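A.B. asks: Chain by chain, the residues:
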Amino acid sequence: MSFPWAKQYQPQGEFSKFIDSRLPLPRFIYGALGAGYPTPKNLNYFYNFGVLAGVALVVQIITGVILGMHYAANVSVAFDSVEHIMRDVNGGWMLRYMHAVGASFFFAVVYIHIFRGLYYGSYKPPREVLWMLGLVIFLLMMATAFMGYVLVWGQMSFWGAAVITGLFSAIPVVGPAIQTWLLGGFSPDNATLNRFFSLHYLLPFVTFGVIILHIWALHIPGSNNPTGVDVKGPQDTIPFHPYYTAKDFFGLGVYFTLFAAVVFFAPNALGEVDNYIPANPLSTPAHIVPEWYFWPFYAILRAFTTDFLFIPAKLWGVIAMFASILLLFFLPWLDTSPVRSNAYRPLSRALFWVFVAVVIVLGVAGGKPAEEPWVMLSQVLTAYYFAHFLIILPLVSRFEKTLPLPNSISEAVLAKYRKTGSMAPGALAQPAE
Amino acid sequence: MIRLGALGLGLLFVVTVLWGAIQPRDAVPPNVVEELHKHPQEIEWSFNGPGNLGILGTFDRAQMQRGFQVYKEVCSACHSINRVAFRDLADLGFSAAEVKAIAASYEVPSINDTGEAATRKATTADKFPLIYPNEAAARAAQNGALPPDLSLITKAREDGSNYVKSLLTGYEEAPKKWNVPDGLYYNPYFHSLNIAMPPPIAADDQVTYADGTKASMEQMAQDVSVFLTWTAEPKLEARKETGVAAIIFLLIMTALGYLSYRRVWADIKKPKIAPAE
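Chains as they are written, first to last, in the numbering used here: chain A, 51 to 483; chain B, 72 to 348.
Just so you know, these hints were derived from the structure itself, not from any lab. Honestly, I wouldn't trust all of these hints.
[Claimed, not checked] If the Cβ cut is set under 7 Å, some of the chain A residues that face chain B in the computed set are:
id	residue
1	Phe299
2	Phe300
3	Tyr326
4	Phe358
5	Leu384
6	Ile441
7	Lys451
[Claimed, not checked] Here are the simulated DSBU-like cross-link-like pairs (lysine-lysine), alpha carbons at most 30 Å apart as the crow flies:
id	chain 1	residue 1	chain 2	residue 2
8	B	Lys285	B	Lys247
9	B	Lys306	B	Lys192
10	B	Lys311	B	Lys143
11	B	Lys192	B	Lys171
12	A	Lys57	B	Lys306
13	A	Lys418	B	Lys109
14	B	Lys198	B	Lys143
15	B	Lys285	B	Lys306
16	B	Lys311	A	Lys469
17	B	Lys340	A	Lys282
18	B	Lys198	B	Lys311
19	B	Lys306	B	Lys143
20	A	Lys466	B	Lys143
21	A	Lys469	A	Lys451
22	A	Lys451	A	Lys466
23	B	Lys285	B	Lys171
24	B	Lys171	A	Lys418
25	B	Lys109	B	Lys198
As the structure is a prediction and not an experimental result, all values here were calculated from the model. Each residue gets a CB set at the ideal place from its N, CA and C atoms; glycine is no exception.
Input sequences plus hints: build the corresponding full structure.
C.D. replies: Written out as structure tokens, the structure is:
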């Protein structure tokens with residue numbers, strides 16, 4: 051564990067001592083999520099989203115396991131079994147809406163979590179592996195969400211499966227064979243549905259495992275913080291429990307309230323109406339679009355419209371779509387600025403917000419049919435997306451003039467209180483506990 | 072080295088995608104369908120509650136029963152509601168005996184004592200039977216068109232409840248520039264503008280309501296749209312009730328969570344006082 055001043059677990063009663071010398075699980079929890087984990091004291095609300103993402107996964111697993119008891123993964127009855135859950139299973143409608151809306155919320159939370167990491171430079175040394183494990187989780191989530199969407203076996207399920215597995219057919223020579231292998235046939239059918247159900251059940255637990263690694267990797271250097279300055283001593287940290295457990299509980303309350311509002315009052319607002327039509331291989335929907343959380347990547351996929359350098363346009367799109375995520379694995383080595391937090395990087399901060407806007411507009415464009423002006427817009431923004439990470443950021447990190455950093459976290463906290471006048475007079479001299 | 076590679080790769084992607092961007096675009100002919108197509112009207116529904124916000128709201132039982140009557144006497148000539156069971160009709164305010172009687176008035180496929188295909192009277196556990204045994208039969212009878220099952224129609228169309236009512240009341244004379252093929256009808260709310268369904272609600276008093284409500288075309292369309300909203304989302308009322316309770320609980324829990332958070336952090340964040348002047 052990281053800091054020498056971390057509180058050590060002291061077993062109190064007989065039973066605690068008995069367990070501690072045999073299976074020190076309480077000691078483990080104490081060090082991971084309890085008072086034994088010293089955390090920077092200046093974490094803002096954006097640092098709630100890691101815990102929120104973990105809870106969102108647990109909600110998906112619990113609702114999903116119960117839905118799995120009533121769902122039937124067979125093309126002739128899959129859609130009916132979903133409607134059976136909605137109509138005849140006690141509380142089934144609530145479970146299913148929680149699961150469907152929960153996927154959207156999980157992604158929303160994870161996107162904020164990722165952008166938080168981008169803004170505060172949480173991918174920089176010594177947290178590169180932590181960042182990369184996060185990206186692995188993100189990729190697993192995307193695969194899981196896609197396959198879960200297919201299970202409904204509505205129109206958009208079927209055609210989504212056809213389109214996404216069709217991406218692999220763009221690979222030269224072996225592509226069509228790979229698509230057939232993935233689908234277990236020449237088009238999405240029962241074999242596809244069955245394997246997707248199996249994998250959709252498996253991958254969340256794999257994700258859970260990677261999350262444990264993610265938290266493990268987090269606990270080695272400890273959490274980053276809004277200043278990006280390293281923890282210097284005990285005055286910079288507070289124990290995770292009770293401080294951040296209390297803050298996370300409040301954050302969870304806000305999250306669940308918003309979640310409940312959508313689940314109970316607008317459960318279908320985030321979905322596609324076409325998926326309430328049973329899958330029909332003979333009728334293609336007018337606009338095939340994935341769920342909103344894939345839209346930016348869908349826009350990138352469709353942005354490449356011309357063959358170039360003997361590579362067909364479709365393959366360019368597929369390469370670019372995968373590259374748009376995979377390049378994030380190299381981010382710690384692309385952005386070489388020694389300053390982590392964008393709070394002290396004025397140019398990089400401005401570019402961060404430009405990038406956020408670009409991703410949002412790419413998302414909007416990705417949700418639209420492939421018509422002008424959306425195609426042109428996707429193309430320009432896709433160019434910017436790649437330029438941002440591969441060209442602009444490496445250059446900026448090299449030449450940018452950064453602002454002076456505070457000497458320590460507690461100094462930054464004191465300066466903030468002094469500015470807002472929210473500190474008791476006389477308390478300025480001594481650092482807060 | 073990584074940055075050099077990134078620069079090269081970045082330039083490659085940028086050039087490729089922008090090369091596509093500067094290609095001349097095919098002139099898109101003006102899309103007449105898009106121009107004539109109308110978005111569903113915004114209609115006030117009792118199940119959307121105050122302000123039509125969708126937060127509160129319940130189904131009007133009498134209205135649902137009227138809507139069911141319209142379905143039975145008009146729509147069911149071609150459209151099934153195969154996901155709805157007769158027992159579900161209790162939600163409409165029918166008594167157990169009434170539900171039983173309604174079920175008994177339907178024939179459902181069965182197998183007789185000697186194993187041959189036959190029909191029997193439906194029980195409350197049965198679902199509403201299909202109108203046509205299969206798609207081919209439906210198309211053969213409907214001049215090639217397939218009347219969709221209506222169980223989920225208000226969830227399977229954008230802005231569903233508004234859409235159904237707008238469509239039912241939206242038939243009109245086609246504009247001069249639009250050609251309607253024989254056997255189809257012009258309806259600006261339909262995605263392709265040409266719908267195979269003849270205007271189903273064609274005259275006032277097409278049905279005679281048992282509760283004495285005047286059966287105007289507008290009224291019948293409204294009633295049946297409410298009924299079809301229920302067939303698509305039979306748990307709507309339970310959902311909203313649960314939602315209100317859940318939100319109240321969560322707000323209280325969150326407020327308590329906030330207070331305890333402030334309390335726990337009191338020694339970290341000193342109480343706010345005005346700066347000494």
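A.B. asks: Could you run down the list of hints and mark each one as holding or not?
C.D. replies: Going through the hints against the structure:
Proximity of Phe299 of chain A to chain B holds as hinted, the smallest CB-CB distance being about 5 Å (cut-off 7 Å). For Phe300 of chain A, the shortest C-beta to C-beta distance to chain B is roughly 4 Å, which falls under 7 Å, so the interface hint holds. Look at Tyr326 of chain A: its Cβ gets to within about 4 Å of chain B, closer than 7 Å, so that hint holds up. At its closest, the beta carbon of Phe358 of chain A sits 5 Å from a beta carbon of chain B; the interface hint therefore holds under the 7 Å criterion.
A cut of 7 Å between beta carbons decides the hint on Leu384 of chain A: the least distance to chain B is about 6 Å, and the hint holds. Hint status for Ile441 of chain A: holds, given a least beta-carbon distance of 4 Å to chain B, under 7 Å. Hint status for Lys451 of chain A: violated, given a least beta-carbon distance of 19 Å to chain B, over 7 Å. Taking the CA atoms of Lys285 of chain B and Lys247 of chain B, the gap is near 35 Å; set against the 30 Å cutoff, the hint is violated.
For the suggested pair Lys306 of chain B and Lys192 of chain B, the alpha carbons sit about 27 Å apart, so the restraint of at most 30 Å is met. For the suggested pair Lys311 of chain B and Lys143 of chain B, the alpha carbons sit about 28 Å apart, so the restraint of at most 30 Å is met. Among the hinted pairs, Lys192 of chain B with Lys171 of chain B is consistent with the structure: their alpha-carbon atoms are about 10 Å apart, no more than 30 Å. Using a Cα cut-off of 30 Å, the hinted pair Lys57 of chain A and Lys306 of chain B is violated, with the two alpha carbons roughly 51 Å apart.
Among the hinted pairs, Lys418 of chain A with Lys109 of chain B is consistent with the structure: their alpha-carbon atoms are about 18 Å apart, no more than 30 Å. A C-alpha spacing of about 14 Å is found between Lys198 of chain B and Lys143 of chain B, which places the hinted pair at or below 30 Å, so the restraint holds. As the CA atoms of Lys285 of chain B and Lys306 of chain B are separated by approximately 29 Å, the hinted pair is consistent with the 30 Å bound. For the given pair, Lys311 of chain B sits about 46 Å from Lys469 of chain A by alpha-carbon distance, which is inconsistent with the 30 Å threshold.
At roughly 20 Å between alpha-carbon atoms, Lys340 of chain B and Lys282 of chain A fall within 30 Å of each other, so this suggested pair holds. With a C-alpha separation of about 26 Å, the suggested pairing of Lys198 of chain B with Lys311 of chain B holds against the 30 Å cut-off. For the proposed pair Lys306 of chain B and Lys143 of chain B, the alpha carbon gap of about 22 Å is at most 30 Å, so the pair holds. Distance hint between Lys466 of chain A and Lys143 of chain B is unfulfilled; the C-alpha atoms sit about 70 Å from each other, more than 30 Å.
About 24 Å separates the Cα atoms of Lys469 of chain A and Lys451 of chain A, which keeps this hinted pair within 30 Å; it holds. Proximity of Lys451 of chain A to Lys466 of chain A is assessed by CA-CA distance (about 23 Å); at most 30 Å being required, the pair is judged to hold. As the CA atoms of Lys285 of chain B and Lys171 of chain B are separated by approximately 28 Å, the hinted pair is consistent with the 30 Å bound. With a C-alpha separation of about 48 Å, the suggested pair Lys171 of chain B and Lys418 of chain A falls outside the 30 Å cut-off, and the hint is violated.
At most 30 Å may separate the alpha-carbon atoms for a hinted pair to count; Lys109 of chain B and Lys198 of chain B exceed this at roughly 35 Å.
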